[in-house]
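First to last, the sequence lines map onto chains A and B. The opening residue of the first sequence carries number 59 in my numbering; numbering runs sequentially from there. The opening residue of the second sequence carries number 256 in my numbering; numbering runs sequentially from there.
Quick caveat, the hints were computed from the structure, so don't treat them as lab data. Check before you lean on any hint, since a few could be wrong.
Per the computed footprint, the stretches of chain A lying under chain B, defined by three or more beta-carbons under 8 Å from a beta-carbon of chain B, are [claimed, not checked]:
(1) 255–261
(2) 264–278
Between beta-carbon pairs, the in silico distance windows are [to be verified]:
(3) P282(A) - G388(B): 15 to 25 Å
(4) G272(A) - D401(B): 50 to 60 Å
(5) P258(A) - H407(B): 45 to 55 Å
Residues of chain A placed beyond 10 Å of chain B at every Cβ, according to the derived structure [claimed, not checked]:
(6) R88
(7) L97
(8) D132
(9) T136
(10) R155
(11) G158
(12) L231
All C-beta atoms in this analysis are idealised placements derived from N, C-alpha and C, irrespective of residue type, glycine included.
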Amino acid sequence: MTSTVPDTDQAPAPALRGPVARPGSRLLHRMVWLRLSLLLSAPLAWMVLVYVVALAALLITSLWSVDSLSSEIDRTWTLDNFRTLIENEVYRNVTVRTIGVALAVTVIDVAIALPIAFYMAKVATPRARRMLVVAVLTPLWASYLVKVFSWRVVLSEGGLAEWTGLGSPGYGLTAVVITQSYLWLPYVILPIFAALERVPDSLLEAAGDLGAPGSMVLRSIVMPLLVPGIVAGAIFSFSLTMGDYITVNIVGGANQMLGNLVFVNAGAANNLPLAAAIAMIPIVVMLVLLTAIRRTGALENI
Amino acid sequence: MTHATIPTPGPTPGPASGTSTTSTGTSQPAIRLRGLVKHFGDVAAVDGVDLDIADGEFFSMLGPSGSGKTTVLRLIAGFETATAGTVELGGTDVTRSAPFERDVHTVFQDYALFPHMSVLDNVAYGLRVRGLGKKERRERAQHALDTVQLGHLGARRPTQLSGGQRQRVALARAIVLEPRVLLLDEPLGALDLKLREQMQVELKQLQRSLGITFVFVTHDQEEALTLSDRIAVFDAGRIQQLGSPREIYENPTSAYVAGFVGTTNLFDSATSARLLGVSAEHAVRPERLRLSAASDTRAPTEGEIRLGAVVTETIYLGAGNRVHLRTDDGIELVALEQSTGSLDSAEHRGDHVTVRFARADVVALT
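Next up, chain A with everything else stripped away, as it sits in the complex:
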C-alpha cells in the first residue's frame, strides 16, 4: 500500500480526495427518523415487554381469584384480593413493618454513605479514591446469599457479634435492618459520590472565602447540591428493601415482610392472584413516594 513508486498498474489506488461513496451511510445521514428508529427499536421493544407488559400482567392477575375447592384460577375480574388486603389486619401490619424497615435501612445507609462519599470525592488522593471505589464495589461481586448467610453467622447467638462484646441482636427485625443496610450501602454511596464529584472544589473554596466556616459550607452549599444524589441513593435502598424476602427469611426470625407474603402465596399457598395483589403494594408505595419527591422539587436542581 505504501510503496511510493507504483511499479505495477494493478487496481488503481483508492482516491484520497473527493467524497467517499457510501450509499447506506448517506441514507442514514439524511433520514433522521430512520436513524433513530434503527437505534431505538430494539431497546424500546425490550422495555415494553419487560416493564409494561409484565406490570400489566401483574395487575390483571391480581384481579383474578382462586377457587378454594379446586385450587384453579378463576379468570373473572374481581376486587376481592384488594378487599382482603385492606380488611385483614395481617396485611396492614406487614405493610407498615416493611415500610418501617425500609425507612430505617435508608436512613442508616444515607448516614453512613455521606461521610464516606465526601471523603472519597473531596479529601482522598486520586490513588486512595480509586482504591475506595474498588472497595465499595467489590462486595457487589460476591453472591447475595453468601453475604446474607455470613451475616446470619455474625449475628447468631454465640456468633462474631457476641465475641466482640457487642452482643447478638438475635434473629429478628434488628438483624434484618443491619443486614439490609450492609447489602444496599454501595448503591447509596455511589450516587452520592457521583453527585459530590460534580461539585467543583471552587464552590467550597468560594464559600470559605466569603467567610463560611466548614460546618456552614456543608449545610448551605454541599447538602443542597447533594440532594439529587441522596434521593437517588435513598430510592435504591428503599425499593430494594421493600422487595426483598430472602434476607428476612434467613435472619428475620418469625417476622415477615411483603416479599415473604408474595413468596408464600405464589408458592406454598398456591394463590397467585393474591400474591400479585400483594406485590402491587410496594409498587403503589414507591409511586406515591416518587410523586412526593417530585412535588418537593428536590430533583429540579440537578
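Based on these hints, arrange chain B on the given structure of chain A.
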C-alpha cells in the same frame, strides 16, 4: 533572581484620597509576602517570593501557566498553606489562618457561583454568613448588583446568565463585603475578546472607585500592561521582574521577561558583539525598527544601526503590518509598521529593505 523587595513607593495616583475605613495613615502594605515557598510533592510551585503590595494598588501577577502565580494568589487567599515563609495582610500575620478568617475575597476563574441559589442570594451569601438581617442583606446585595449593572437580574439562576454576566455576579459577590483586598484569578480568561476589553475598562474603574487593592492573576501580558499599576512577572515559582508596566515593557531585565511581555527581537551575545560591540544579550522591540527601501544608502546617523535585510513574511494586522525579516548576515528580525492607510502594503515577501533602529532603543539584558 529573587527580587529584593522595594518598599513600595506607592506609584498609584488613584486611591490617594485616603478613603474612610482602611487607611490607617501608616505606610503598612496591604499584602506582604516574605520568603514564600510552596511545595506540591517534589515540585516547588512557589520558590521564594518576597513581595509588598501597597494599599489601593492594582497589582498584576503575570506569567505562563505553571509559573506559580495562581499558587501565590491561593496562598494569599488561604486555600493553600505555605511550606515556608509568611503572608501578612495589613500588618497581621495570617500564614496559618483559614480562608474565612482573612479579610480578602477572591473572584474565581470559573466564577464559582452557587448553582442552587438565585443571583441575589449568591451575592448576599457572605452577608448571610456574617449574620446580617434579611432586609439589610437584600439591600446591600442589590446595591452591589447595581454597581456591576446587573440590578435587574437578581432573581435569575446563575445558569441563566451569560459568561460576562456571571463574571459580574462573581465580582459583586466579592465586593459586597467591602474587602481591603480583592484577588482575581484570571477572571477574564473565559470571555471573548470584545467583552474582555470592556470588562478590563470596568474593572479598572471599579478598582478606582472602590479604592481597594486588586491582585490580578493573568497570563495575558496585554491585559496586565493595560490594567496594572505594577506587574510581577513570574517564572518557575519566582518573580523575574517587578515594576510598572512601562518599566516591564521598555526595560526588561531578562530575556525571559522581554520574550514573555510583548514580542521582541533578541540578540545573543555573539550577535550583540557584532552589532553593538558589547558581548551581552540585548533586545529591541519590533516597533522600534524602521524599514526603508534598499536603495536608501545614506550613511547611518549618530547612534543608528542599519542592516540590509530580505522580507520573509508580511502579516497584515489591521492597525499595521508585522514584517518578518532576515538580515544579510542571517539574523531573524520582526518589525512592526504602522498602517499607512494605503491599500498597497509597503513590503512584499522577497523585497530587499534596509532596517534601521536607534542604539538607544536596544535594551541590555542581564
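Quiz item: Can you list which hints this structure breaks, lowest number first?
Solution: Hints 4, 5 are the ones this structure does not satisfy, whereas the remaining hints hold.
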